[in-house]
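Given chain A, work out where chain B should sit, using these hints.
Residues per chain, in single letters:
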Amino acid sequence: MKLLTVEAFYTVAGAFLFVVAIRIARDAQHPRRWGSALFWMLLALTFAGGKQLPSAWVGCLVVIMIILAATGQVVRGPQAAISREERTREAERLGNRLFWPALFIPVIAVLGTLVLGHVHVGEVWLVETTQVSLIALGLGVVVALFAAVRVTRASYRAAADEGGRLLQITGWALILPQMLAALGGIFAKAGVGEVVAGLVTHALPTQVPVVAVVAYCGGMVLFTMIMGNAFAAFAVITGGIGLPFIVTQHHGNPAIMAAIGMLSGYCGTLLTPMAANYNLVPAMLLELDDPHAVIKAQVPLALTIFAANVGLMWACVYRF
Amino acid sequence: MIKLIGILLIVVGFSLRLNTLLVVLAAGIATGLAAGFSLHEILTMVGKYFVDSRTMTLPLLLMYPVVGLLERHGLKERAETLIRRTKAATAGRVVLLYTAVRQISISLGVNIGGHAGMVRPLVAPMAEAAARAKHGELPQVSVERIRAHAAAGENIGNFFGEDIFVAVGAILLMKGFFDAQGIPVSVWAMALWGIPTAFIAFAAMAWRCARLDRRVARDLVENPTTTVR
Numbered sequence: 001m002k003l004l005t006v007e008a009f010y011t012v013a014g015a016f017l018f019v020v021a022i023r024i025a026r027d028a029q030h031p032r033r034w035g036s037a038l039f040w041m042l043l044a045l046t047f048a049g050g051k052q053l054p055s056a057w058v059g060c061l062v063v064i065m066i067i068l069a070a071t072g073q074v075v076r077g078p079q080a081a082i083s084r085e086e087r088t089r090e091a092e093r094l095g096n097r098l099f100w101p102a103l104f105i106p107v108i109a110v111l112g113t114l115v116l117g118h119v120h121v122g123e124v125w126l127v128e129t130t131q132v133s134l135i136a137l138g139l140g141v142v143v144a145l146f147a148a149v150r151v152t153r154a155s156y157r158a159a160a161d162e163g164g165r166l167l168q169i170t171g172w173a174l175i176l177p178q179m180l181a182a183l184g185g186i187f188a189k190a191g192v193g194e195v196v197a198g199l200v201t202h203a204l205p206t207q208v209p210v211v212a213v214v215a216y217c218g219g220m221v222l223f224t225m226i227m228g229n230a231f232a233a234f235a236v237i238t239g240g241i242g243l244p245f246i247v248t249q250h251h252g253n254p255a256i257m258a259a260i261g262m263l264s265g266y267c268g269t270l271l272t273p274m275a276a277n278y279n280l281v282p283a284m285l286l287e288l289d290d291p292h293a294v295i296k297a298q299v300p301l302a303l304t305i306f307a308a309n310v311g312l313m314w315a316c317v318y319r320f
Numbered sequence: 001m002i003k004l005i006g007i008l009l010i011v012v013g014f015s016l017r018l019n020t021l022l023v024v025l026a027a028g029i030a031t032g033l034a035a036g037f038s039l040h041e042i043l044t045m046v047g048k049y050f051v052d053s054r055t056m057t058l059p060l061l062l063m064y065p066v067v068g069l070l071e072r073h074g075l076k077e078r079a080e081t082l083i084r085r086t087k088a089a090t091a092g093r094v095v096l097l098y099t100a101v102r103q104i105s106i107s108l109g110v111n112i113g114g115h116a117g118m119v120r121p122l123v124a125p126m127a128e129a130a131a132r133a134k135h136g137e138l139p140q141v142s143v144e145r146i147r148a149h150a151a152a153g154e155n156i157g158n159f160f161g162e163d164i165f166v167a168v169g170a171i172l173l174m175k176g177f178f179d180a181q182g183i184p185v186s187v188w189a190m191a192l193w194g195i196p197t198a199f200i201a202f203a204a205m206a207w208r209c210a211r212l213d214r215r216v217a218r219d220l221v222e223n224p225t226t227t228v229r
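Residue numbers (our numbering), protein chains in the order written: chain A, 1 to 320; chain B, 1 to 229.
The shape of chain A in the complex, shown without the other chains (with noise of 0.2 Å):
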């Protein structure tokens, strides 16, 4: 039995998401109250009930969501702006005592992942052992927004308020990451990966031991763009050109292989719109003009990275 589990948390998100979609209902100067309001209560629903809905029925609501997103119901409200004076003289007032409650996040996440795991009375676990650091991350943002509360003598009413600004900002991308997820899985289903494999091993000549590492690194990064997950690409890319060339056919050292073919992967995350969680959604969040300028700055460094780690695959792989 586990006291306190994920779930637990995914509640907690959800009553902020419930709270958030009831104060754009009421807001009468929002431009789309209604599409806006129900776009997020859908959401709320999704995080607060996930487990107990049938999943055709999860489903429908995204769907639902989707369609709200796309006729442009779902949009950012009046915010009452605050000047920048007034922050400047609030960080005057609060001076460091504003980081605390900032620093309180890293710092609690890491005790609790070291810690909370291994806490039981017989049976009886304190946290749901697989998910400990998501679990004191979780604890962590809970002493953070009380401590925030203290310091800045705000209410939990403007806490809600100004997470409600944040959420508005990143808008329907925040549910960007889930979907590109659910599509990776119906990909995985489809056999999608097997077919992109055979199409890559059929144009190249793997039987030579260079275009081997060529096509599996590279197979790697486009895999990973497509799927926007390394992870996902790992599995089908080494078992469709890694293991049957590198591995079998030319005798490579299947550690380097791996290691590296991962990291040629990450390259590949950074070069796609697919990671929104990495590429995109930080671009709405710090409020950039064009969304992909993260991926823009990104370019430069993914291509070098990527051929140091071709020809350290090449110069290594096939020796050790």
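Calculated directly from the structure, the hints in this document are not laboratory data. Take the hints with a grain of salt, since some may be wrong.
[To be verified] Per label pair, the in silico range of CB-to-CB distance:
#, chain 1, residue 1, chain 2, residue 2, range
1, A, H250, B, L22, 43 to 51 Å
2, A, A25, B, H40, 29 to 37 Å
3, A, I82, B, D52, 37 to 45 Å
[Unchecked claim] Straight-line Cα separation of at most 27 Å, BS3-like style, residue types lysine-lysine; simulated pairs:
#, chain 1, residue 1, chain 2, residue 2
4, A, K189, B, K48
5, A, K189, B, K175
6, A, K51, A, K189
7, A, K2, A, K51
8, A, K189, B, K3
9, B, K48, B, K87
10, B, K48, A, K51
11, A, K296, B, K48
12, B, K48, B, K3
13, B, K48, A, K2
Idealized CB from N, CA, C, for every residue including glycine.
For chain B alone, coordinates are given in the frame of chain A:
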């Protein structure tokens, strides 16, 4: 081959700049139908995977009220004040320092940071403030450039530090894959071979950060009119 229709839809949809969520949904439905699933099965998959991946969104949702409240009370402004007192600070150096901290800590298994928790409230404002302390008000193009590089630093540090720590998702996933194939591979060997790329990634970031400072200096020459945001 027909199963690749989803990828085609993604490419076409993204290049036509249609709503990304809609494109992704259409690609999922088309791929599912091409692979012979019914519409009900596809909706079930969408719902199941959507719920299973709530993990990706949860940290943002939990963090927003705290970060929002601290921002409202001047967190960014305080961070800017601190950085203005540091004479050696430039936008590139701030971003690079954060990348180093992020990469080293995660390689020891300590996952601190994140776009919502660190980059938006602290790293990006500090980098901007360092550039402002040097150049005065910045043109919008420089602000965008600095923020994008702050996000890139977070990603580089996170991705290329992680694989050095053995008890982490990527290494365990690779181990599990090889175990299933009956190939004996040590987790330590895989972690060890992640180290050269970690150094290369950091060196590449150092190069981009140095270039960022030069670009910001040049932006000012090219855009003498400044905007405040």
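Hint check against the structure, violated hint numbers in rising order: Per hint list: 9 and 11 violated.
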